[in-house]
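Kindly generate the complete structure, drawing on both the sequences and the hints.
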Amino acid sequence: MHLDHPESFPHRHTYSAARARRPDGSRRALRVGLGGPVGSGKTATVAALCRALRERLAIAVVTNDIYTREDADFLLRNAVLPAERISAVETGACPHTAIRDDISANLEAVEELEDRTGPLDLVLVESGGDNLTATFSRGLVDAQIFVIDVAAGDDIPRKGGPGITGADLLVINKTDLAPHVGSDLAAMARDARAQRGELPVALTSLKAPEGVAPVADWVLGQLAAWHAESAGSAALAASADAEDAPGAAAGARV
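Each residue of the sequence shown is one higher than the one before, starting from 1 at the first, in the UniProt record's numbering.
There's no promise every hint is true.
What the hints assert, rightly or not - Restraint-style ranges between C-beta atoms, simulated for each label pair: (1) G197 x A224: 17 to 25 Å; (2) D155 x A231: 39 to 47 Å; (3) T68 x E112: 17 to 25 Å; (4) E111 x R54: 18 to 26 Å; (5) E111 x A208: 30 to 38 Å; (6) S104 x E84: 17 to 25 Å; (7) L199 x R54: 21 to 29 Å; (8) E84 x S230: 40 to 48 Å.
If you are wondering where the hints come from, they were derived from the structure by calculation, not from laboratory data. Here the structure is a predicted model, which is why all the values come from computation and not from measurement. For glycine and all other residues, C-beta sits at the position ideal for the given N, C-alpha and C.
Below is the structure:
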């Protein structure tokens, strides 16, 4: 059940990530989800993004694991962010359940981080490892990154699935392993673009010093667009409030 299909369990997802403002009127953080199969490099990508952007942005992270805090503990051990900006959700079920079907635990974690450490610019929500069908509810995140890796086989982009075809950014990770596992990077990129049309594809190797740069640049672009959109929404809201004010109505009658 997705936010896109409110006829299923309509009592859920009353919150929408499309709301750019928090209840107190302040602008909330951009929320970006990272999904992908087990071992594709999601946590390493989150860590690399934090290192690349933490001097420029106020960032927090929510990780999802079934029964452990393994991913959160990895981020803590590597000190990519202050401990108070990292939160772990133990889903107790299939990973996609907590990012798509019942997002309440993740929403609570995100909002608690913003209350405790805000204002924040960016919250990264990492899913537990899942298959190619994993997608995030738009009630939880504003944009989704889907991470696959070359070691899983160069036929993965060709297989498609909602994660590959619909994510806002597809990352083909661990390109440094291609010669060792016999994967054809050119074919993977070609097949990915055939599946995705105009949606972007980034090839990354986190072993390289600037390996996460294409993903970081994409995130910054999303954030710039988010700020512009939320500023426009705020201006419209202010205009509507001014028109509804008693003084405005009295002035109109003069």
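We went through each hint and held it up to the structure:
| no. | hint | in the structure |
| --- | --- | --- |
| 1 | G197 x A224: 17 to 25 Å | 23 Å, holds |
| 2 | D155 x A231: 39 to 47 Å | 44 Å, holds |
| 3 | T68 x E112: 17 to 25 Å | 20 Å, holds |
| 4 | E111 x R54: 18 to 26 Å | 21 Å, holds |
| 5 | E111 x A208: 30 to 38 Å | 36 Å, holds |
| 6 | S104 x E84: 17 to 25 Å | 22 Å, holds |
| 7 | L199 x R54: 21 to 29 Å | 27 Å, holds |
| 8 | E84 x S230: 40 to 48 Å | 25 Å, violated |
This entry does not satisfy hint 8, going by the numbered hints stated previously; all others are met.
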